[in-house]
Amino acid sequence: MSAPAEKARPPAPAAESHSKLEVRDVHKSFGPKVVLDGISFSVAEGESLVILGPSGTGKSVLLKHLIGLLEPDSGTVLVDGQDFWALDAVEQGQVRKKFGMSFQEGALFDSMSVFDNVAFPLRRSGRKPSEVRERVKECLDIVHLPDVSEKRPSELSGGMRRRVGFARAIAHQPEILLFDEPNTGLDPIMTEIIDEVILEMRERLEATIVTITHHVASAQKIGDRVALLFGGKILYDAPPEEFLRAKDPAVRQFVEGNAQGPLTVEDERLSRNRVKEGA
Amino acid sequence: MRFFEAIGQTILRIFEEFGRFFQMLGRMAAWMVRPPYDLPELLRQMVRVGFDSIPVVLLTTLFTGMVLALQTFNGFARFHAENLVGSVVALSLTRELAPVLVALMVTGRVGSAMAAELGSMRVTEQIDALTALGTEPVQYLIVPRVVAAILMMPLLVIIGDVVGMYGGYLVAVQLLGANPVSYVDNSFQFLHVKEDVVSGLIKAACFGLIFAMTACVRGYYTTGGAEGVGRSTTRAVVSGSLSVLVADFFLTKLLY
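Protein sequence lines, in the order shown, are assigned to chains D and P.
Quick note on numbering: the first sequence equals residues 0 to 278 in numbering that gives the first Met the number 0.
Quick note on numbering: the second sequence equals residues 0 to 255 in numbering that gives the first Met the number 0.
The following block holds chain D by itself, in its conformation from the complex:
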C-alpha cells in the first residue's frame, strides 16, 4: 500500500539510519472492525513521541504493536532497524528487553510485593541479590515512592500503582519506554506528578519514549512530537507548539474539546456501520 491518505500533513518521513522505532504501513483488524489502517511513523533515538486520540481509537492496540504484544495483519514494526516479526521467539524476547512498558492500570503482579514486582526483571536476568536490592531502591526513589516496597499492589492508590509500574518498567534500564495512558483517571495533582516523573525518568535514562494519552496538556509537556490518531491513521504529526496552533479541523476539535467536528462525525459514521454489520 502507498502512504496513508493524510488530511493535513504526512507523518515525519522515516529517517532510516536514526530511527529507534519504526512502524511501516501496519494494518490490524479485530473481526470486521478495522483498528489500524495502514499506519506509518518513526521515532528517532532519544525522541519523545506522544500519540493523542479519543477513547476507543486503537491507541493501546498501536502501543502493543510496538513491543510485539500484538502481531500486525500486514506491515512491519522495526526496532533498531530489525523487523520484529522476522525474529524467532528467543530473539523477540531479547528485543523486548530493550523496552520498558507501563500499563494503563499498572498491571502489577498482584501475588507479589512491590519490591518483588520491581525486582522481577532484574532477577529474571540473573542479577545478584545485593544488586537487585540496590536497583529496586533506586527505581522506587526515581518515582518518589521510597517506602512502599513491602506493600502489596492492592494496598496502593491508582497513582501509586502506576508509579510502581514505571519503576518496574525502568528497572532493567531499557532504551525505549512506552506509556499506556499514564494519567488517565487520576486527579489533576497526580496527573502533574506523573508528568514530572516521566520527564525525570527521560532525563535519567536518555530513553526513547512513546506515550499514548488523551491529555493535551500532558502531551505538550512530555512530547517532542505530538501525533493525532483517529480512524486507524495518524491524522496529524507535529511538534507540540505547532500541533496546538494547527488549523486542521480534527486537531482543533480535539485540542478544544468540542463535541461537534470531524472526529464526532467520523465516529458516528463508524458506529452506524458497526450496527449495520451486526444486524
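Quick caveat, the hints were computed from the structure, so don't treat them as lab data.
Treat the hints loosely; a few may be bogus.
To be verified - Rough simulated footprint, nothing fancy, chain P against chain D, three-plus residues with beta-carbon under 8 Å:
1) 63–69
2) 85–93
3) 104–116
Said to hold, decoys possible - Computed spacing ranges between beta-carbons, pair by pair:
4) D79/D / D37/P: 25 to 33 Å
5) D37/P / D87/D: 37 to 45 Å
6) V55/P / E205/D: 51 to 59 Å
As the list claims (entries may be wrong) - Only part of the chain D face toward chain P is listed, based on derived beta-carbon distances under 10 Å:
7) M100
8) F119
9) D179
None of these values were measured; they are calculated from a predicted model.
Where is the CB? At the ideal position from N, CA and C, for every residue including glycine.
With the hints as your guide, set chain P onto chain D.
Using the frame of chain D, we list chain P on its own:
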C-alpha cells in the same frame, strides 16, 4: 438456518479448542527445555498440586475403597466368592478408580484455581506485562503448572491406591468379618505391579497433563473481564473432567 448456524459454530469452536490445546502443547514442549529453569516455582506448584491435594485424595479413595468392598462383598456372597473381594478392590482401584477419581478431584480443586489465576492475570494485563518484560508467559506460567501436575498425579495415585485398599480392608475385615490374613493374601494374589499399578500411574501422569493443559489454555485465552474469568474457570473444570474420562477409555485400551 439459525439451527445449522449454531451447529456450525459449535463444531468450529470445538476445533478451535483442539487447535489451541495442541498448539499450546507444542509451545510448552519447546519452552520446557530452554533455560532458565525456574525450580522454586516448580516446587511451589508441586506443593499446590500434590501436597495440598492429599486430604481430598485421602477422603475420596478411602470411601471409594470402603464402598467397593461393601458392594462386591454383597454381590460375591451370592456365589460364595467372598474371598475374591480383596482382589477386586485392589485391581479396580489401581487400574481404574484411583487414577480417574483422583484426576477428577484434582481437576476440580487445582484445575479451577489454575484457570482462575491465569484468567485474572490475562484480564488485568499481567500476562502482557510478563511478555513486555521479556519473560515468555508459557515458560513462566504454564510449564511449571503442567510439569507439576504430571509429576504429582502418580504420587497422589500411589497414596490413593494404598488408602483405598486399606478402606476395603477395614470394611471387609472389621464390618463384614472377613479373615484378615486371607483378605490381604487375596488382595495381592492377582495384583501385578507392572501391569496394574504401573498402568494406573501412567494413566495418572497423562491425566495430569490433560487437566493442567486444559485449565492453563482456558485461563491463558480468557477474554471479557471478571465474567470471562468465571466462564474460563467453569469450562476448565467441565472440559478438563470430560477430557479425563474420554482419555481414560483410550488409555485403558492402549495399556490393556
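Here is how each hint holds up against the structure:
1. For the segment 63–69 of chain D, the stated coverage by chain P is satisfied: 4 residues place a CB nearer than 8 Å to a CB of that chain, which reaches the threshold of 3.
2. For the segment 85–93 of chain D, the proposed coverage by chain P is satisfied: 4 residues have a C-beta within less than 8 Å of a C-beta in that chain, meeting the threshold of three.
3. For a cut-off of 8 Å, the count of residues in the segment 104–116 of chain D with a CB near a CB of chain P stands at 5, and the three-residue condition holds.
4. At about 29 Å, the beta-carbon gap between D79/D and D37/P stays in the expected band of 25 to 33 Å.
5. Distance hint check for D37/P and D87/D: the Cβ-Cβ separation is about 21 Å, which falls outside the suggested range of 37 to 45 Å.
6. At about 55 Å, the beta-carbon gap between V55/P and E205/D stays in the expected band of 51 to 59 Å.
7. Interface hint at M100/D: satisfied, since its Cβ lies 4 Å from the closest Cβ of chain P, which is below the 10 Å cut-off.
8. The beta carbon of F119/D is positioned within 10 Å of a beta carbon in chain P (closest approach about 6 Å), and the interface hint is therefore held.
9. Of the supplied interface hints, the one on D179/D holds, with its beta-carbon coming within about 9 Å of a beta-carbon of chain P, less than 10 Å.
Hint check: a violation occurs at hint 5 only; the rest are consistent with the structure.
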